[in-house]
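Residue numbers (the numbering used here), protein chains in the order written: chain A, 1 to 149; chain B, 1 to 107.
These are computed hints drawn from the structure, not numbers from a lab. Keep in mind that this is a model prediction, so the values were computed, not measured. Any given hint might turn out to be false.
Unchecked claim - Chain A regions said to be covered by chain B (calculated; three or more residues, Cβ under 8 angstroms):
{"hint": "1", "stretch": "86-96"}
{"hint": "2", "stretch": "105-113"}
What the hints assert, rightly or not - Beyond 12 angstroms from chain A on every Cβ pair, some chain B residues (computed):
{"hint": "3", "residue": "Thr12"}
{"hint": "4", "residue": "Phe50"}
{"hint": "5", "residue": "Val59"}
{"hint": "6", "residue": "Arg99"}
Don't be surprised by glycine CBs; every beta carbon is placed ideally from N, CA and C.
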Amino acid sequence: MPCPPHWPTRRAVLAAPLALALPAQAEEQDYAATERAILAGREPVADGITVDMPRLSENGNSVDLGIKVASPMTAEDHVTALHILSEKNPVPRVATFTLSPRNGRAEVATRIRLATTQTILVLAETSRGAVHRAEREVVVILGACVDAG
Amino acid sequence: MAEITARITLPTSARRGEVVTVRVLVRHPMERAVDAPGLTPLPRRILHSFRVTYAGAEVFRAALSPGITANPYVEFTTVAVETGAMVFEWEEDGGTIYRREAQLTVA
Numbered sequence: 001m002p003c004p005p006h007w008p009t010r011r012a013v014l015a016a017p018l019a020l021a022l023p024a025q026a027e028e029q030d031y032a033a034t035e036r037a038i039l040a041g042r043e044p045v046a047d048g049i050t051v052d053m054p055r056l057s058e059n060g061n062s063v064d065l066g067i068k069v070a071s072p073m074t075a076e077d078h079v080t081a082l083h084i085l086s087e088k089n090p091v092p093r094v095a096t097f098t099l100s101p102r103n104g105r106a107e108v109a110t111r112i113r114l115a116t117t118q119t120i121l122v123l124a125e126t127s128r129g130a131v132h133r134a135e136r137e138v139v140v141i142l143g144a145c146v147d148a149g
Numbered sequence: 001m002a003e004i005t006a007r008i009t010l011p012t013s014a015r016r017g018e019v020v021t022v023r024v025l026v027r028h029p030m031e032r033a034v035d036a037p038g039l040t041p042l043p044r045r046i047l048h049s050f051r052v053t054y055a056g057a058e059v060f061r062a063a064l065s066p067g068i069t070a071n072p073y074v075e076f077t078t079v080a081v082e083t084g085a086m087v088f089e090w091e092e093d094g095g096t097i098y099r100r101e102a103q104l105t106v107a
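One chain only, chain A, in its complex shape (with noise of 0.2 angstroms):
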């Protein structure tokens, strides 16, 4: 797949019948759509997650991401999940985080590749069934996208 995807190449339109197949793939290609797939209704909460991540990227093939939810993380009252989405990368779903008490506190980071300058958006769920959630624009100087010429 190119990066970004604005254009269908040939091997975009041969694989089309496959994606048609696929349903669950097919709607992952949109960000807004994976948000409020992931809501299912939902009203996000705009507090409650910290998001640690540079403001400026030099590389994006590289960014740190580290993420830390505001949850006592008992029985009762726990994040379930943690969702990283990207605005323009060609795959919106990044990763996606199941916790559980187990963790003792909702904290994660990973590595992450960006396509360009973008937000990310961070949604945590809990398991009484709020939803929380948290943008961050991040610019990207050198983006982690082959140059399609």
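Following the hints, put chain B in place on chain A, whose structure we already have.
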């Protein structure tokens, strides 16, 4: 079981109930099948799922995508409950499973 190079960092010992940080760095290309003029696309090869079990239960799971860097790094925390092995399992596109273990001693 296929071999994989991984660096798993966790304290050698912990008190019962202590929250320990586990850092996992694994050597893997996370090949995205980039298709651009002048490139011969390699087949997609992504470690799409990562699972950690400890003391009889799954304590952490991650669904990864091509948006995760090559040589993926994941850091999480877990409560030290008993002395035992932490089992790390990655699944790659095509169904290959890689497994590594690390020991945690709980005082």
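Cross-check of the supplied hints:
no.	hint	in the structure
1	86-96	holds (count 8)
2	105-113	holds (count 8)
3	Thr12	holds (18 angstroms)
4	Phe50	violated (9 angstroms)
5	Val59	violated (4 angstroms)
6	Arg99	holds (19 angstroms)
In terms of the numbered hints stated before, the structure departs from hints 4, 5, listed from lowest to highest.
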